[in-house]
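Visitor: Chain by chain, the residues:
2 protein chains.
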Amino acid sequence: MADTALPSRRKETRTDAVMQAVRAKLASRALAAGDRLPSIRRFAATMGVSPSTVVEAYDRLAAEGLIRARRGSGFYVASAALPPLALADDRPRRDRAVDPFWVSRQSLDAGPEALKPGCGWLPADWMPIAALRREFRALSRAGDAVLADYGSARGSLPLRRLLMGRFAEEGLEVSSDQLLLTPSGTQAIDLICRFLLRPGDTVLVDDPCYFNFRALLRAHQVKLVGVPYRASGPDVGIFEAALSAERPRLYITNSALHNPTGATLSAHTAHRLLNAAAAHDLTVVEDDIFADFEPEASARLAALDGFERVIRIGSFSKTLSASVRCGYIAARADWIEDLVDLQIATGFGGPGPVAAGLVAGVLSGGGYRKNMEEMRRRLARARREVAAKLRELGIEPWLMPRGGFYLWCRLPDGCDSAEVARTALADNLVLAPGDVFSVSQSAAAFMRFNVAQCGDPRVMAALGRALERGGESRRARARGKAAFPDPTPGDNL
Amino acid sequence: MADTALPSRRKETRTDAVMQAVRAKLASRALAAGDRLPSIRRFAATMGVSPSTVVEAYDRLAAEGLIRARRGSGFYVASAALPPLALADDRPRRDRAVDPFWVSRQSLDAGPEALKPGCGWLPADWMPIAALRREFRALSRAGDAVLADYGSARGSLPLRRLLMGRFAEEGLEVSSDQLLLTPSGTQAIDLICRFLLRPGDTVLVDDPCYFNFRALLRAHQVKLVGVPYRASGPDVGIFEAALSAERPRLYITNSALHNPTGATLSAHTAHRLLNAAAAHDLTVVEDDIFADFEPEASARLAALDGFERVIRIGSFSKTLSASVRCGYIAARADWIEDLVDLQIATGFGGPGPVAAGLVAGVLSGGGYRKNMEEMRRRLARARREVAAKLRELGIEPWLMPRGGFYLWCRLPDGCDSAEVARTALADNLVLAPGDVFSVSQSAAAFMRFNVAQCGDPRVMAALGRALERGGESRRARARGKAAFPDPTPGDNL
Chain B
1 MADTALPSRR
11 KETRTDAVMQ
21 AVRAKLASRA
31 LAAGDRLPSI
41 RRFAATMGVS
51 PSTVVEAYDR
61 LAAEGLIRAR
71 RGSGFYVASA
81 ALPPLALADD
91 RPRRDRAVDP
101 FWVSRQSLDA
111 GPEALKPGCG
121 WLPADWMPIA
131 ALRREFRALS
141 RAGDAVLADY
151 GSARGSLPLR
161 RLLMGRFAEE
171 GLEVSSDQLL
181 LTPSGTQAID
191 LICRFLLRPG
201 DTVLVDDPCY
211 FNFRALLRAH
221 QVKLVGVPYR
231 ASGPDVGIFE
241 AALSAERPRL
251 YITNSALHNP
261 TGATLSAHTA
271 HRLLNAAAAH
281 DLTVVEDDIF
291 ADFEPEASAR
301 LAALDGFERV
311 IRIGSFSKTL
321 SASVRCGYIA
331 ARADWIEDLV
341 DLQIATGFGG
351 PGPVAAGLVA
361 GVLSGGGYRK
371 NMEEMRRRLA
381 RARREVAAKL
391 RELGIEPWLM
401 PRGGFYLWCR
411 LPDGCDSAEV
421 ARTALADNLV
431 LAPGDVFSVS
441 QSAAAFMRFN
451 VAQCGDPRVM
461 AALGRALERG
471 GESRRARARG
481 KAAFPDPTPG
491 DNL
Chain V
1 MADTALPSRR
11 KETRTDAVMQ
21 AVRAKLASRA
31 LAAGDRLPSI
41 RRFAATMGVS
51 PSTVVEAYDR
61 LAAEGLIRAR
71 RGSGFYVASA
81 ALPPLALADD
91 RPRRDRAVDP
101 FWVSRQSLDA
111 GPEALKPGCG
121 WLPADWMPIA
131 ALRREFRALS
141 RAGDAVLADY
151 GSARGSLPLR
161 RLLMGRFAEE
171 GLEVSSDQLL
181 LTPSGTQAID
191 LICRFLLRPG
201 DTVLVDDPCY
211 FNFRALLRAH
221 QVKLVGVPYR
231 ASGPDVGIFE
241 AALSAERPRL
251 YITNSALHNP
261 TGATLSAHTA
271 HRLLNAAAAH
281 DLTVVEDDIF
291 ADFEPEASAR
301 LAALDGFERV
311 IRIGSFSKTL
321 SASVRCGYIA
331 ARADWIEDLV
341 DLQIATGFGG
351 PGPVAAGLVA
361 GVLSGGGYRK
371 NMEEMRRRLA
381 RARREVAAKL
391 RELGIEPWLM
401 PRGGFYLWCR
411 LPDGCDSAEV
421 ARTALADNLV
431 LAPGDVFSVS
441 QSAAAFMRFN
451 VAQCGDPRVM
461 AALGRALERG
471 GESRRARARG
481 KAAFPDPTPG
491 DNL
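Just so you know, the sequences run in chain order B and V.
1 is the number of the first residue of the first sequence in full-length UniProt numbering; add one for each residue after it.
1 is the number of the first residue of the second sequence in full-length UniProt numbering; add one for each residue after it.
No lab work stands behind these hints, which were simulated from the structure alone.
From the three backbone atoms N, C-alpha and C, an ideal C-beta is built for every residue, glycine too.
Incorrect hints may have been included.
Unchecked claim - Only some residues are given here: those of chain V computed to face chain B with a beta carbon under 8 Å:
| # | residue |
| --- | --- |
| 1 | A62 |
| 2 | G65 |
| 3 | L66 |
| 4 | R68 |
| 5 | R105 |
| 6 | Q187 |
| 7 | D341 |
| 8 | S364 |
Said to hold, decoys possible - The list that follows gives simulated cross-link-like pairs (lysine to any residue, SDA-like), each with its CA atoms no further than 20 Å apart:
| # | chain 1 | residue 1 | chain 2 | residue 2 |
| --- | --- | --- | --- | --- |
| 9 | V | K223 | B | P199 |
| 10 | B | K11 | B | T46 |
| 11 | B | K370 | V | S39 |
| 12 | B | K370 | V | A69 |
What the hints assert, rightly or not - If the Cβ cut is set under 8 Å, some of the chain V residues that face chain B in the computed set are:
| # | residue |
| --- | --- |
| 13 | V55 |
| 14 | R60 |
| 15 | A78 |
| 16 | D109 |
| 17 | W121 |
| 18 | M127 |
| 19 | I129 |
| 20 | R137 |
| 21 | S140 |
| 22 | Y150 |
| 23 | R194 |
| 24 | A322 |
| 25 | I344 |
| 26 | P353 |
Looking at chain B on its own, in the form it has when it is part of the complex:
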């Protein structure tokens, strides 16, 4: 029977065996740099496999750079050996300042053994995995253009149509030329900032706000002004005063469930915000990324304003997949037209047909809605349970959110959250200390917890130890003996 007719798994095993044999020869110096490898026919006979298996194995070793093909003369051991793989390759550095990047990188680069109550997403197995797997199988049978072409400049029309349907459920009318797909929600905001801001402009954000807004706006070299966030939205009096005093160009906020507080913007606050924005010709970016976590829809700025001065952005990273990245911008059609050009200039377009097709496929199947219902139930339970456990450690939620996965909490008296977060790394515990969310740096006593990442019983134990050690080191410092290097006072980013 021809080798190619074997089940692919057996063929895989044979290919691996040939690759291992070559690697062993390299390790034992039986083959050195520049040496010619055995011919395909000879090595196939030696290994008792078909020549096609050896070809496949040599091709893969060539792709890894261990060997190289010379046309018409066979395969040779590569002269430039790969540098050894540093074991600590991607591990985040622990000695950097506790700033917004610190949280991002600790979260992204934590090993699989880390516990991450500070991270901003759900565990992978909470996502609609079965629906994703189904869509990957469907894609394996999709047309060539879906698999290999760029797609249109605004992004997949079927996905934009689905977004229009979701907006229509809020009573928000939007046409397909008011929508632009972007590679992520963050890139949606970034593109808007490039379009509307110039260095030196002033931008309002909530205090506290999603920490990466601070990093993003810093990259745009703008002045940040924070507006204290209350239980029903930003403090409108301070917001109005800031508009008069600072003449900001933009206000960026989350509607639905606010990050990090989990609070809900009230209809009354939303209405007053928009009136103030109109009076001062302020543009508002509404980041709606947590919308699907709400039990019932709350007030939305875009729904009230109808895209006159509100730009809605969103993505599916929190509810569908953060690996298949896809975000969107909904705005005035003339702005979208300009944003299309800007996205071509800076990225040659947004997400390709594969990412857009995956998202559209999952959204339009029933699995997404069912998974969201289940997620909301699980999160409601997790919020209660985690809040109770945090209280046992003296950590008190600022409010109980209606939905989502965040609890914004006050630490026990005297605890500095950056210090606690830093010391927690010794236990492989990634935390999100309050000041990374705060423009005014007034949230050192707070910390954001992701209740979906607190299920492991080791989390509360490690958190308890970190609180203690944090306290000890404060006391040590108070006595003039730092237990570990001072946290950098920070670039105040």
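Chain V: place on chain B using the hints.
Guide: Same frame as chain B, but now just chain V:
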């Protein structure tokens, strides 16, 4: 037999039938906004399908926004009907200036019936489609984290290891912390520009150069200086003079096969460029996107320089898939460290594990290399054949490239390529006129042709007509009667 046990294709058909029935009721006004839909059990009986099929159909209609679920009370016709889909939705505007965006958007948004000798990519069926399909099937069985998590801040380590292997084949040593994955090659350059440039800086590009470099650098508000490109690379004398006179911060170029000319940088020119760059502390971005199209590797700036002042970028959009987008930056480790932060701030990371996994899977299988060999053979034949046909129309290649899919050609005397490109749109023919590639706007007599997109016999016929009409309209204008509105003189972008 339970409905769920049916083959999925029959289940799909039934779900579609239920959806069609509901749509028909909406179209005939049997159901109007706010009406309750038949209960699931009742409609299942009416349609002769299982309740689960009706649930699936209702869920999909809800996802499309046609109906909405109210918890505990069934499904209702959505009150906000979708606006009608504009037929001309994504069609590019023909009345805009013939600038770099014009080519991008005509190419991206052309309908399937368009002929696109001006576009910058290969037809989808030239790509390694079978390998892509295999990787999609493999992904449908991948771990949850691959399908749903963000992945690491620098991007998939296996893909970076594969890149290290490819670099090693050039004798170019690079460690994994010198590599950052980006969502596309364009975004790689954009990130570097954000990192190194400030508004008002000067940047050198080739004249002609890839048109989107001009659009990208315009977005960075820098001054562009073009260096005439010769058959063996940029004119070194003018390059050196520009370094002294303009003190540019950056030079951005293609190595391997230059876009749009298809010319090859000679080792001698590369060496002199790098010496001049060293003398003036200039950083060089080497866009290596066409490397795999070369029959034999030519001189590379990064290979000579070793990442001291050269930054290598690349992507797989031209050879693997433009739908699965993934690019990379190879540079000094300390720069990469800063670029990681910048990519978090502006995009919350690069390509997710899905895109990186697809690219790594295709690259490490043998199919990619085989497909590239076949592509190179096909392209060599196509270059010869298309060059011969163009010559019949009086269109003369500037040189015959060693590889790739571009021919940079001089049009017959008196033809203005922007005018020809504009008039060609009447025949649904998308062309790439010379001046979009030229900082000095001195390439009006030139045009770039993609030989892989010239296989359709209608291309040469339509091109012939466009040349004639372009000539006629010039003569008409010369007599003071424009045959169509004057092309906007352009923002000189």
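Visitor: Checking hints one by one. Is V/V55 an interface residue toward chain B, by the C-beta closer than 8 Å rule?
Guide: Nearest chain B Cβ about 6 Å off; hint holds.
Visitor: V/P353 was flagged as interface toward chain B. Is the shortest Cβ-Cβ separation under 8 Å?
Guide: Since chain B brings a Cβ to about 5 Å from V/P353, closer than 8 Å, the hint holds.
Visitor: Would you check whether V/Q187 satisfies its interface hint, that is, whether its CB is within less than 8 Å of any CB in chain B?
Guide: Holds - the Cβ of V/Q187 comes within 8 Å of chain B, reaching about 5 Å at its closest.
Visitor: Run the distance test for B/K11 versus B/T46: straight-line Cα separation, threshold 20 Å.
Guide: 17 Å, holds
Visitor: Regarding the hint that V/D109 lies at the interface with chain B, is the smallest CB-CB distance below 8 Å?
Guide: Status holds, d = 5 Å.
Visitor: Quick check on the hint: V/R137 CB to chain B CB, less than 8 Å?
Guide: 5 Å, holds
Visitor: Identify whether the interface hint at V/Y150 stands, where standing means a beta carbon of chain B within less than 8 Å of its own.
Guide: 4 Å, holds
Visitor: Is the hint on V/A62 kept, meaning its closest Cβ partner in chain B is under 8 Å away?
Guide: 7 Å, holds
Visitor: Verify the interface restraint on V/L66: the C-beta must sit less than 8 Å from at least one C-beta of chain B.
Guide: 7 Å, holds
Visitor: Just to be careful: measuring from the Cβ of V/R68 to every Cβ in chain B, is the smallest value less than 8 Å?
Guide: With Cβ-Cβ at 5 Å, under 8 Å, it holds.
Visitor: Between the alpha carbons of B/K370 and V/A69, is the straight-line distance 20 Å or under?
Guide: 12 Å, holds
Visitor: Return the status of the interface hint for V/I129: holds when the least beta-carbon distance to chain B is below 8 Å, violated otherwise.
Guide: Check passed: Cβ of V/I129 comes within 5 Å of chain B, closer than 8 Å.
The structure agrees with every numbered hint stated previously.
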